[in-house]
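Chains Z and D, in that order, give the protein sequences. Residue 69 in this note's numbering sits at position 69 of the first sequence, with consecutive numbering throughout. Residue 251 in this note's numbering sits at position 251 of the second sequence, with consecutive numbering throughout.
Bear in mind the hints are in silico, worked out from the structure with no lab data behind them. There may be inaccurate statements among the hints.
As the list claims (entries may be wrong) - Partner residues are not named here, just some residues of chain Z that face chain D (Cβ under 7 Å, in silico):
#1 Q72
#2 A77
#3 V101
#4 H104
#5 A145
#6 D148
As the list claims (entries may be wrong) - Some chain D residues flagged as far from chain Z (calculated, every beta-carbon gap over 10 Å):
#7 I101
#8 E181
#9 V190
#10 I228
#11 F288
Unchecked claim - Below 20 Å or equal to it, Euclidean Cα-Cα: the simulated EDC-like pairs (lysine to aspartate or glutamate) are:
#12 K74(Z) x E6(D)
#13 K91(Z) x E127(Z)
#14 K5(Z) x E61(Z)
#15 K91(Z) x D148(Z)
#16 K74(Z) x E61(Z)
#17 K166(D) x E6(D)
#18 K91(Z) x D66(Z)
#19 K166(D) x D148(Z)
#20 K74(Z) x D92(Z)
#21 K166(D) x E61(Z)
#22 K166(D) x E146(Z)
#23 K166(D) x E127(Z)
#24 K91(Z) x E181(D)
#25 K166(D) x D210(Z)
For each residue, glycine too, the CB sits at the ideal point set by N, CA and C.
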Amino acid sequence: MALLKVRGLTKRFDGLQANSEIDLEIPEGSLFGVIGPNGAGKTTFFNMISGFQQPTAGTIEFAGTDITNMRQDKIAAMGLVRTFQLVQLFKDMSVAENVEVGFHLATKGGVAAAVARLAWFRRQEAEIHAKARELLDFVGLADQAEQDAELLPYGQQRLLEVARALAAQPRLLLLDEPAAGLNSHETDALAKIIQQVNGQGITVLLIEHDVALVTRIAQRIAVLDFGCKITEGTPDEIKRHPDVIAAYLGTDEAAHA
Amino acid sequence: MPSITELAQSLVNGVGIGLVYGLIAIGFCVIYNASGIVNFAQGVFVMLGGMFTHALLTRLGLPIAIAALISIVLVALVGVLVQILIISPMWKRNAPLFAIILATLAVQLLIEQIVILTMGDQPRTYPEFSLGGPLMLGPIAIDYQLFWILGCGALMVILLTLFFNKTRAGRALRACSQNREAAALLGIPVGAMLMLSFALSAALGAAAGILITPTQYTAYSVDGPFGINGFIAAIIGGFGSAPAALVGGVLLGVVQSGAIVVFGAGYKNVVALTILLIVLLFFPRGLFGGLGKRV
Numbered sequence: 001m002a003l004l005k006v007r008g009l010t011k012r013f014d015g016l017q018a019n020s021e022i023d024l025e026i027p028e029g030s031l032f033g034v035i036g037p038n039g040a041g042k043t044t045f046f047n048m049i050s051g052f053q054q055p056t057a058g059t060i061e062f063a064g065t066d067i068t069n070m071r072q073d074k075i076a077a078m079g080l081v082r083t084f085q086l087v088q089l090f091k092d093m094s095v096a097e098n099v100e101v102g103f104h105l106a107t108k109g110g111v112a113a114a115v116a117r118l119a120w121f122r123r124q125e126a127e128i129h130a131k132a133r134e135l136l137d138f139v140g141l142a143d144q145a146e147q148d149a150e151l152l153p154y155g156q157q158r159l160l161e162v163a164r165a166l167a168a169q170p171r172l173l174l175l176d177e178p179a180a181g182l183n184s185h186e187t188d189a190l191a192k193i194i195q196q197v198n199g200q201g202i203t204v205l206l207i208e209h210d211v212a213l214v215t216r217i218a219q220r221i222a223v224l225d226f227g228c229k230i231t232e233g234t235p236d237e238i239k240r241h242p243d244v245i246a247a248y249l250g251t252d253e254a255a256h257a
Numbered sequence: 001m002p003s004i005t006e007l008a009q010s011l012v013n014g015v016g017i018g019l020v021y022g023l024i025a026i027g028f029c030v031i032y033n034a035s036g037i038v039n040f041a042q043g044v045f046v047m048l049g050g051m052f053t054h055a056l057l058t059r060l061g062l063p064i065a066i067a068a069l070i071s072i073v074l075v076a077l078v079g080v081l082v083q084i085l086i087i088s089p090m091w092k093r094n095a096p097l098f099a100i101i102l103a104t105l106a107v108q109l110l111i112e113q114i115v116i117l118t119m120g121d122q123p124r125t126y127p128e129f130s131l132g133g134p135l136m137l138g139p140i141a142i143d144y145q146l147f148w149i150l151g152c153g154a155l156m157v158i159l160l161t162l163f164f165n166k167t168r169a170g171r172a173l174r175a176c177s178q179n180r181e182a183a184a185l186l187g188i189p190v191g192a193m194l195m196l197s198f199a200l201s202a203a204l205g206a207a208a209g210i211l212i213t214p215t216q217y218t219a220y221s222v223d224g225p226f227g228i229n230g231f232i233a234a235i236i237g238g239f240g241s242a243p244a245a246l247v248g249g250v251l252l253g254v255v256q257s258g259a260i261v262v263f264g265a266g267y268k269n270v271v272a273l274t275i276l277l278i279v280l281l282f283f284p285r286g287l288f289g290g291l292g293k294r295v
């Protein structure tokens, strides 16, 4: 069954067609990749799905509910959680606190509850703390838990963003170019983490410029170019597809290939 | 030249009023950090705190503790109303920040007029929370009310710090202040958080007004001076943490109080604004460096 259904999704900025009638279905439990050259409209596509930008036309359905034009926090509350191409951490918080904020949706109660049900509240806080440690352990940041998030090296900031997104307990995790700026060692570690997340039953939609990473880990791949979906298939089909080779290498090279 | 006794006495008085400025300053910081808005209606909350408490004491004959608590809740509701009726609609229509800030100034003038029409323009006051006093330390008199201000002020700062660091809502509010978009995408309702910041900030202002009224008076017109002094304290502290704002307030209160003794009452604001300019010249981001760091 499709967890995410996108129909005719279109975005126009004054005269520029950023996305044009994109149709896509992401099966529940899959690890799905979207690739395309720079400027192909990958991030615009992502922004519309996560409620960050409103589409000009088209519909987005998540778990059977129409989420087109829904507010970002409500989309997140339904279990669709994203990360950013440029890391967006809470810089004045510690590494652990960043993940603890991620648990916002999984926890209950405001100030009144904190005062009225102190024991329950303390237990919940202790639980969040423990769970945050588990997630940091999972992405390999347990030793840096008390550090300021801002001081982490770039590759680790990305991992922290993934841990924070996992804290929000997504059904569908959207990763926007998670390997951008990572070296090959860090990319390998990230690929392993993404596969483990998917192995736990979380559907993953991965948007990447790095074709090698996507063809290695994704089960199915869609290719965008000039704002249109040009094809979709298994990694092997995509690697051999003439339009994909053309989009990435230019038509001349494709003709010689 | 004033005597040592006079200076010491002015120091004590300055700490009292300074703590109140500090509480108002924290109110400024809470809203500013959550939204980037400088809420010039902050002084109104201080004035309403005193006015409501006076009304509940005299008209309904309630004990001070209950009158104070009810007033704080009522003023917090006023804060929420301001957010729902004025700030939120402008925010949703993407009004520029300066237009929203100007709107808060309009709210201040509007509420002042409503207070004159409904409660009159006469200044009023009520007794200190504990009878007796002042406590004499040699020649220096310390009002019992100063201890109430100290105790309640310290309690509020501790509770606020716990709230921001240890509770779900507090963490969410900090997350919004650092990165609204990332917060929303983790499922934090940014609009509700802005409402919470107005409620919190109004409650702090009201508490400040309730605590200071017995040592002077309250009237429709006290909101302006309290608002400005709280704003100056917030800038000196750097629009950052609650303790920084409190330090800014105490510094301002002590300097003003000293200026009255040394130069005369007319120089109170001259000295306060001079201090502000000096701080901004040497520490353009405030004493603790938080100003303009974020939002």
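Hints, one by one, checked against the model:
The criterion of a C-beta within 7 Å of any C-beta in chain D is met by Q72(Z), whose closest approach is roughly 4 Å, and the hint holds. Hint on A77(Z) holds. Least Cβ distance to chain D is approximately 5 Å, under the 7 Å limit. A hinted interface residue such as V101(Z) counts as satisfied when its beta carbon comes closer than 7 Å to some beta carbon of chain D; here the least separation is about 5 Å, so the hint holds. With a least beta-carbon distance of about 5 Å to chain D, the hint placing H104(Z) at the interface is held under the 7 Å criterion.
Proximity of A145(Z) to chain D is violated relative to the hint, the smallest CB-CB distance being about 15 Å (cut-off 7 Å). Proximity of D148(Z) to chain D is violated relative to the hint, the smallest CB-CB distance being about 12 Å (cut-off 7 Å). The beta carbon of I101(D) is kept farther than 10 Å from every beta carbon of chain Z, the shortest such distance being approximately 24 Å. With a least beta-carbon separation of about 7 Å from chain Z, E181(D) fails to lie farther than 10 Å from that chain, contradicting its non-interface assignment.
V190(D), annotated as away from the interface, has a beta carbon of chain Z within 10 Å; the closest lies near 7 Å. No Cβ of chain Z comes within 10 Å of the Cβ of I228(D); the nearest lies about 28 Å off, and the non-interface call holds. Distance to chain Z confirms F288(D) as a non-interface residue, since its nearest Cβ pair spans about 13 Å, more than 10 Å. The suggested pairing of K74(Z) with E6(D) is violated, with an alpha-carbon distance near 60 Å, which exceeds 20 Å.
Taking the CA atoms of K91(Z) and E127(Z), the gap is near 23 Å; set against the 20 Å cutoff, the hint is violated. The hinted pair formed by K5(Z) and E61(Z) meets the criterion: a straight-line CA distance of about 5 Å does not exceed 20 Å. Proposed proximity of K91(Z) and D148(Z) is supported: the alpha carbons are some 7 Å apart, at most 20 Å. Our distance criterion of 20 Å between C-alpha atoms is met by K74(Z) and E61(Z), whose separation comes to about 14 Å.
Straight-line distance between C-alpha atoms of K166(D) and E6(D) comes to about 43 Å, which puts the hinted pair past the 20 Å bound. About 34 Å separates the Cα atoms of K91(Z) and D66(Z), which puts this hinted pair outside 20 Å; it is violated. A distance of roughly 17 Å separates the Cα atoms of K166(D) and D148(Z); the hinted pair therefore holds under the 20 Å criterion. Restraint check for K74(Z) and D92(Z): the C-alpha separation of about 25 Å exceeds 20 Å, so the hint is violated.
Restraint check for K166(D) and E61(Z): the C-alpha separation of about 36 Å exceeds 20 Å, so the hint is violated. Note on K166(D) and E146(Z): the hinted pairing holds, with a Cα-Cα distance of about 15 Å set against a maximum of 20 Å. Distance hint between K166(D) and E127(Z) is fulfilled; the C-alpha atoms sit about 13 Å from each other, no more than 20 Å. For the hint linking K91(Z) to E181(D), the alpha-carbon distance of about 13 Å falls within 20 Å, and the restraint holds.
Taking the CA atoms of K166(D) and D210(Z), the gap is near 40 Å; set against the 20 Å cutoff, the hint is violated.
Hint compliance for this structure: hints 5, 6, 8, 9, 12, 13, 17, 18, 20, 21, 25 are not met, and every other hint is.
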